[in-house]
Amino acid sequence: MSATPPVGHGLGAPNAAVGATPASRGVGPPLWLLLELTYRCPLHCVYCYNPTNFAHTGPELPTADWIRVLREARALGAVQLGLSGGEPLVREDLEPLVTEAHALGFYINLITSGVGMSEARMRALKAAGLDHIQLSFQDSTRELNDFLSSTRTFELKSRVAALIRQHGYPMVLNVVLHRLNIDHVGEILELAEAMGAEYVELANTQYYGWAWLNREHLLPSRAQLERAEGVTQRFRERLGNRMQIYFVVPDYFETRPKACMSGLGSVFLAVAPDGTAMPCHAARMLPGLDLPNVRDSDIRTIWYDSPAFNRFRGEAWMKEPCRSCPERGRDFGGCRCQAYLLTGDPDNADPVCDLSPHHALVTAAVARAEQAGSAAPAAARERPLVFRDHRVSIAVITGDPARGGAPARRA
Amino acid sequence: MSDIPGSARPAIAFGLRLQWEPAQEAHVLLYPEGMVKLNGSAGAIISRCDGVRTVAEIVADLERTYGLTGLSGDVIAFVALALDKRWLELRA
Ligand code: SF4
Ligand code: SF4
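Chains as they are written, first to last, in the working numbering: chain H, 1 to 411; chain R, 412 to 503.
These are calculated hints, taken from the structure and not from any lab test. All values reported here derive from a predicted model rather than from experimental measurement. Hints may contain errors.
[To be verified] Below 20 Å or equal to it, Euclidean Cα-Cα: the simulated SDA-like pairs (lysine to any residue) are:
1. H:K319 with H:D305
2. R:K448 with R:V463
3. R:K448 with R:L479
4. R:K448 with H:M243
5. R:K448 with H:Y199
6. R:K496 with R:A434
7. H:K126 with R:F425
8. R:K496 with H:Y246
9. R:K496 with H:P170
10. R:K496 with H:N241
11. R:K496 with H:K319
12. R:K448 with R:E500
13. R:K448 with H:G240
14. R:K448 with H:R236
15. R:K496 with H:E72
16. H:K126 with R:K496
17. R:K496 with H:R330
18. R:K496 with H:R236
19. H:K126 with R:L429
20. R:K448 with H:N241
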């Protein structure tokens with residue numbers, strides 16, 4: 001599973017350069033298309049951003065439908081393509097999809113755990129026109145533990161990293177950090193160096209989906225963060241340009257929210273395995289958003305005309321303090337999903353913002369993480385860590401108020 | 412950074428792709444997870460950076476194409492910026 005939601009710099013990110021394009025808030029094209037080809041995944045990320053009820057989504061789109069989505073989106077002007085999942089290598093039609101996307105002129109990014117990658121598939125993907133590969137850590141408690149103790153996972157990653165480099169791709173590694181692994185940043189970077197990574201993204205968990213369920217386990221303390229940043233800085237000084245390291249601080253520690261997706265409905269379009277089209281990969285959780293499906297409408301109608309994609313365009317939906325805030329054109333009020341998860345109302349300011357009347361919800365979560373020292377915080381001890389897996393997903397749907405659907409006002 | 416000799420041969424940097432996007436009516440540079448939309452003159456310069464032509468040849472071509480003179484300074488300044496941003500690299 002790709003770890004980081006596509007925001008800010010990095011994975012699947014409509015980053016500043018992309019976001020800069022539609023100037024007037026007149027609706028521009030969906031420049032960035034993310035296809036979550038499958039929710040199937042051999043791994044079980046605790047921070048996976050797939051919806052927690054993923055086991056209840058409909059059947060995966062067949063090849064022909066994905067190809068139609070590619071054509072329609074490209075015709076509208078989509079140019080960056082992310083292929084993720086789940087684990088996209090699980091799809092046997094990945095190569096033909098890449099071939100089609102390349103012929104259409106997409107710049108194609110594959111986001112993979114490497115599980116399922118072989119010399120033959122790498123060669124086929126290269127021949128098909130794949131532009132870029134990001135090797136991600138999937139389950140940072142299990143998989144990363146393995147990796148750190150130099151067992152199977154380290155060998156798998158190293159083998160895939162070597163294939164990536166042999167085929168002329170830059171070696172980009174993405175590792176999601178949180179309370180349980182952040183103290184190992186030094187070891188992680190050493191292993192990254194050993195496997196020849198040229199770019200390493202250390203992305204702190206963002207709290208949606210499975211990560212939201214596990215938030216009390218995953219939020220690091222400020223001291224942990226600062227130590228990790230210090231270690232990262234020393235690596236940067238030693239390695240210079242040879243290995244570029246990005247460190248993404250969790251937004252709970254900030255006082256301004258991230259400019260989510262450059263505004264929902266502005267540049268980013270994600271399609272889930274069952275064909276659900278979303279203005280952000282997590283948008284399924286938002287109440288009352290009647291998300292269109294690519295089986296029923298074409299991409300043009302979905303992007304320009306559907307109520308779901310228009311819901312958060314412009315500023316009319318905003319409430320105070322965003323509505324009259326001079327900074328609203330910069331951060332668009334932050335993350336709608338975070339506003340909803342924490343405050344119960346997706347039109348509120350993202351409570352990460354210290355101008356939000358709900359900011360205390362964020363500082364309280366940070367304070368709990370602070371108090372707890374290095375042991376799991378009290379709230380977490382009462383509630384076990386939930387691994388993303390099919391069986392758990394079903395349990396979550398039937399029994400848990402924090403599922404992708406109802407806001408859990410725990411904070 | 413404008414000590415770029417006229418004999419240098421700039422090329423699109425490894426891993427990046429330049430293409431014309433009809434929907435944006437612009438040249439865009441594509442790179443992992445991002446893109447830069449180039450304005451008209453940047454597009455005109457960079458689309459000539461093929462690793463074969465020298466900076467001097469690019470200047471001459473642009474001056475001929477647009478019926479202008481004295482473009483050398485602008486071209487070199489843009490190439491310097493693009494090298495700095497790693498959009499371009501120099502070929503021997
Ligand atoms: S009040 Fe709203 S618009 Fe202003 S900085 Fe905070 S989140 Fe952004
Ligand atoms: S709304 Fe929130 S979860 Fe969705 S993309 Fe934006 S930042 Fe991410």
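Against the structure, the hints come out as follows:
1. For the hint pairing K319 of chain H with D305 of chain H, the CA-to-CA distance comes to about 23 Å; that exceeds 20 Å, so the pair is violated.
2. A threshold of 20 Å between alpha carbons decides the hint, and for K448 of chain R with V463 of chain R the separation of about 24 Å lies outside it, so the pair is violated.
3. Simply put, K448 of chain R and L479 of chain R have alpha-carbon atoms about 24 Å apart, too far for the 20 Å limit, and the pair is violated.
4. For the hint pairing K448 of chain R with M243 of chain H, the CA-to-CA distance comes to about 27 Å; that exceeds 20 Å, so the pair is violated.
5. Under the criterion of a C-alpha separation no larger than 20 Å, the hint pairing K448 of chain R with Y199 of chain H is inconsistent with the structure, at around 24 Å.
6. Distance restraint check for K496 of chain R and A434 of chain R: the Cα-Cα separation of roughly 25 Å exceeds the 20 Å cut-off, and the hinted pair is therefore not satisfied.
7. Between K126 of chain H and F425 of chain R, the direct Cα distance comes to roughly 15 Å. Compliance with the 20 Å bound is thereby established for this hinted pair.
8. With a C-alpha separation of about 17 Å, the suggested pairing of K496 of chain R with Y246 of chain H holds against the 20 Å cut-off.
9. Straight-line distance between C-alpha atoms of K496 of chain R and P170 of chain H comes to about 17 Å, which keeps the hinted pair within the 20 Å bound.
10. The suggested pairing of K496 of chain R with N241 of chain H holds, with an alpha-carbon distance near 14 Å, which does not exceed 20 Å.
11. For the suggested pair K496 of chain R and K319 of chain H, the alpha carbons sit about 39 Å apart, so the restraint of at most 20 Å is broken.
12. Distance restraint check for K448 of chain R and E500 of chain R: the Cα-Cα separation of roughly 19 Å lies within the 20 Å cut-off, and the hinted pair is therefore satisfied.
13. At roughly 29 Å between alpha-carbon atoms, K448 of chain R and G240 of chain H are farther apart than 20 Å, so this suggested pair is violated.
14. Simply put, K448 of chain R and R236 of chain H have alpha-carbon atoms about 30 Å apart, too far for the 20 Å limit, and the pair is violated.
15. Only pairs whose Cα atoms come within 20 Å are accepted, and K496 of chain R paired with E72 of chain H is rejected, the gap being roughly 32 Å.
16. Restraint check for K126 of chain H and K496 of chain R: not satisfied, since their Cα atoms lie roughly 26 Å apart, outside the 20 Å limit.
17. Simply put, K496 of chain R and R330 of chain H have alpha-carbon atoms about 24 Å apart, too far for the 20 Å limit, and the pair is violated.
18. Using a Cα cut-off of 20 Å, the hinted pair K496 of chain R and R236 of chain H holds, with the two alpha carbons roughly 19 Å apart.
19. Proposed proximity of K126 of chain H and L429 of chain R is supported: the alpha carbons are some 18 Å apart, at most 20 Å.
20. Taking the CA atoms of K448 of chain R and N241 of chain H, the gap is near 26 Å; set against the 20 Å cutoff, the hint is violated.
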